[in-house]
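**Student:** Using the hints, position chain B against chain A.
Sequences listed follow chains A and B, in order. Each residue of the first sequence is one higher than the one before, counting from 457 in our numbering. Each residue of the second sequence is one higher than the one before, counting from 55 in our numbering.
These are calculated hints, taken from the structure and not from any lab test. One thing to keep in mind: the hints can contain errors.
Using 30 Å as the maximum straight-line C-alpha spacing, the simulated BS3-like pairs for lysine-lysine come out as follows [claimed, not checked]:
#1 466(A) <-> 156(B)
#2 156(B) <-> 571(A)
#3 65(B) <-> 466(A)
#4 633(A) <-> 113(B)
#5 605(A) <-> 65(B)
#6 554(A) <-> 156(B)
#7 678(A) <-> 113(B)
For each label pair, taking beta carbons as the anchor points, the in silico distance ranges come out as [as the list claims (entries may be wrong)]:
#8 61(B) <-> 722(A): 45 to 51 Å
#9 113(B) <-> 587(A): 23 to 29 Å
#10 570(A) <-> 105(B): 46 to 52 Å
#11 147(B) <-> 709(A): 46 to 52 Å
#12 716(A) <-> 72(B): 51 to 57 Å
#13 144(B) <-> 716(A): 50 to 56 Å
#14 725(A) <-> 147(B): 57 to 63 Å
#15 462(A) <-> 138(B): 37 to 43 Å
#16 477(A) <-> 145(B): 25 to 31 Å
#17 746(A) <-> 142(B): 16 to 22 Å
#18 460(A) <-> 72(B): 34 to 40 Å
#19 145(B) <-> 557(A): 32 to 38 Å
#20 492(A) <-> 145(B): 38 to 44 Å
#21 61(B) <-> 475(A): 46 to 52 Å
All values reported here derive from a predicted model rather than from experimental measurement. In this text, a Cβ means the ideal position worked out from N, Cα and C, and glycines have one as well.
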Amino acid sequence: MHSNSSTIYKKLESELSNIPSEKRWEHIKTRLLNESDRQRREDLESLFTFLMANNIALPKKKETLVAMVHGIRTHAEWHDQLEKAIKSSSTAEVKSVKYGFFDSIRFLMHFYGPKLKHVTEEFRLLKRDYPDHEIVIVAHSFGTFLTTKFIENNTDFNVDRVLFCGAVVNENYNFAKLPNFPGQGCVINDVGTQDIYPVLAKSCSLGYGASGTLGFNRQQIKNRYFECKHSGFFTEELFDSYWLPFLLRGDCVDSETTTNRPMMKYHISILSLMPGFILIVLLVLILIFYYLFI
Amino acid sequence: MRKVEYKMIDKLRVLYEESGSGTVARVYPVPFLLTKLDLVPSPATFDIIRTLEKRGFLKKVFRVESPALGGIADFSSLVDIPDEIDDFRTGLSLEVKSENIKVYYVIQQALVK
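Excised from the complex, chain A in its bound form (with noise of 0.2 Å):
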């Protein structure tokens, strides 16, 4: 670049930074309006929407506001323990994104549209009420594939990090695709190495994967292992030694069980086969059934 453009640009800057957030874009368009030469104005609007754009000239950090989402059959008795976590270390804001109870049959049936446009509704909200906060969202089980599709119909809504643990989500989905999602380094996939839950639900039903006991194929997501079931993350000493560090300054602390992880059960790797699995022996067996017998 010319030193004369870099000159520019960084006056530009220097500009901006002192003038408070609130007032930047009016002031920018009284610049603009100011500005009778066509050509200039439109470099000044490109390199002021540039600068505003990536936040420079904004050197203040974000509060953190962390979102929690529950997963089936649950009141979600684990969102008051993590935020008592939280809030014992830190000033970050903590909301509980909770939807009732949801029961096996709607789960299993896909009957979740009224809870996702609940979850949504809640979502907004929160951006609303926080809008200066960088948005974390922690999620488990079937409150994995509600964030995922949340952030699938939303993608103007941006997400700083999300933590998942005994997802339900397919572990080949393109989140690449979504310019919404967070970058590298900003998702982890908590994975349980005796968590069947995740199995169950892709082989009992079609549409649900088993990253939570799989892990995902995809590099944006970073894979951690523990030796727990499906609810056994919810610990003091995992808050603390894993959560904490990656919800609050993005840090991933890797896991013992990662790199010394036992190897799959045979009958896991056979009903995590393909999706609906047991649907389709039951099937066959009901026609059997009904073959011989009706």
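**Tutor:** For chain B alone, coordinates are given in the frame of chain A:
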């Protein structure tokens, strides 16, 4: 155009095709676009983006967003944004402030193809 700008056009083409067809919109927030182009915010990066804009490969869009429920209207220039706008999502009139304005880039289809 410089070699680096040709390289960026190739990356834009890949990004455009990655987005696929259907419901995913080809509207990109600026930081996301820079990440996809392997660029960091700097005077040199601005130079590249501005060249791509001038050549018509990228188009800047200013989107006015409702406080709670997403985009209301798009404008090609900041000076075109009115002080007040009808928010069809809430049925109310919105006084446009800084926090309602978001900037996106659109990859121009014909040029990338």
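**Student:** All the hints need checking, so say for each whether the structure fits it.
**Tutor:** Evaluated hints:
Restraint check: the Cα-Cα separation between residue 466(A) and residue 156(B) comes to about 22 Å, which is no more than 30 Å; the hinted pair holds. Under the criterion of a C-alpha separation no larger than 30 Å, the hint pairing residue 156(B) with residue 571(A) is consistent with the structure, at around 28 Å. In summary, the hint linking residue 65(B) to residue 466(A) is supported, as the alpha carbons are separated by about 28 Å, within the 30 Å threshold. At roughly 20 Å between alpha-carbon atoms, residue 633(A) and residue 113(B) fall within 30 Å of each other, so this suggested pair holds.
Only pairs whose Cα atoms come within 30 Å are accepted, and residue 605(A) paired with residue 65(B) is accepted, the gap being roughly 27 Å. A threshold of 30 Å between alpha carbons decides the hint, and for residue 554(A) with residue 156(B) the separation of about 29 Å falls inside it, so the pair holds. For the given pair, residue 678(A) sits about 34 Å from residue 113(B) by alpha-carbon distance, which is inconsistent with the 30 Å threshold. Distance hint check: the CB atoms of residue 61(B) and residue 722(A) are about 48 Å apart, consistent with the given range 45 to 51 Å.
For the pair residue 113(B) and residue 587(A), the supplied restraint of 23 to 29 Å holds, since their beta-carbon distance comes to about 26 Å. A C-beta distance of roughly 49 Å is found between residue 570(A) and residue 105(B), which places it inside the suggested range of 46 to 52 Å. Our hint of 46 to 52 Å for residue 147(B) and residue 709(A) holds, since their Cβ atoms are close to 49 Å apart. A C-beta distance of roughly 36 Å is found between residue 716(A) and residue 72(B), which places it outside the suggested range of 51 to 57 Å.
Between residue 144(B) and residue 716(A) the Cβ separation comes to about 54 Å, which falls inside the hinted range of 50 to 56 Å. Distance hint for residue 725(A) and residue 147(B): a CB-CB separation of about 59 Å, consistent with the stated range 57 to 63 Å. The supplied range of 37 to 43 Å is met by residue 462(A) and residue 138(B), whose beta-carbon atoms lie about 38 Å from each other. Our hint of 25 to 31 Å for residue 477(A) and residue 145(B) holds, since their Cβ atoms are close to 29 Å apart.
For residue 746(A) and residue 142(B), the Cβ-Cβ distance of about 54 Å falls outside the hinted range of 16 to 22 Å, so the restraint is violated. Taking the beta carbon of each, residue 460(A) and residue 72(B) are about 36 Å apart, inside 34 to 40 Å as hinted. Distance hint check for residue 145(B) and residue 557(A): the Cβ-Cβ separation is about 33 Å, which falls inside the suggested range of 32 to 38 Å. For residue 492(A) paired with residue 145(B), a C-beta distance near 39 Å keeps the hint of 38 to 44 Å intact.
A beta carbon spacing of about 35 Å between residue 61(B) and residue 475(A) contradicts the range 46 to 52 Å that was offered as a hint.
The structure is inconsistent with the numbered hints 7, 12, 17 and 21, although it conforms to all the rest.
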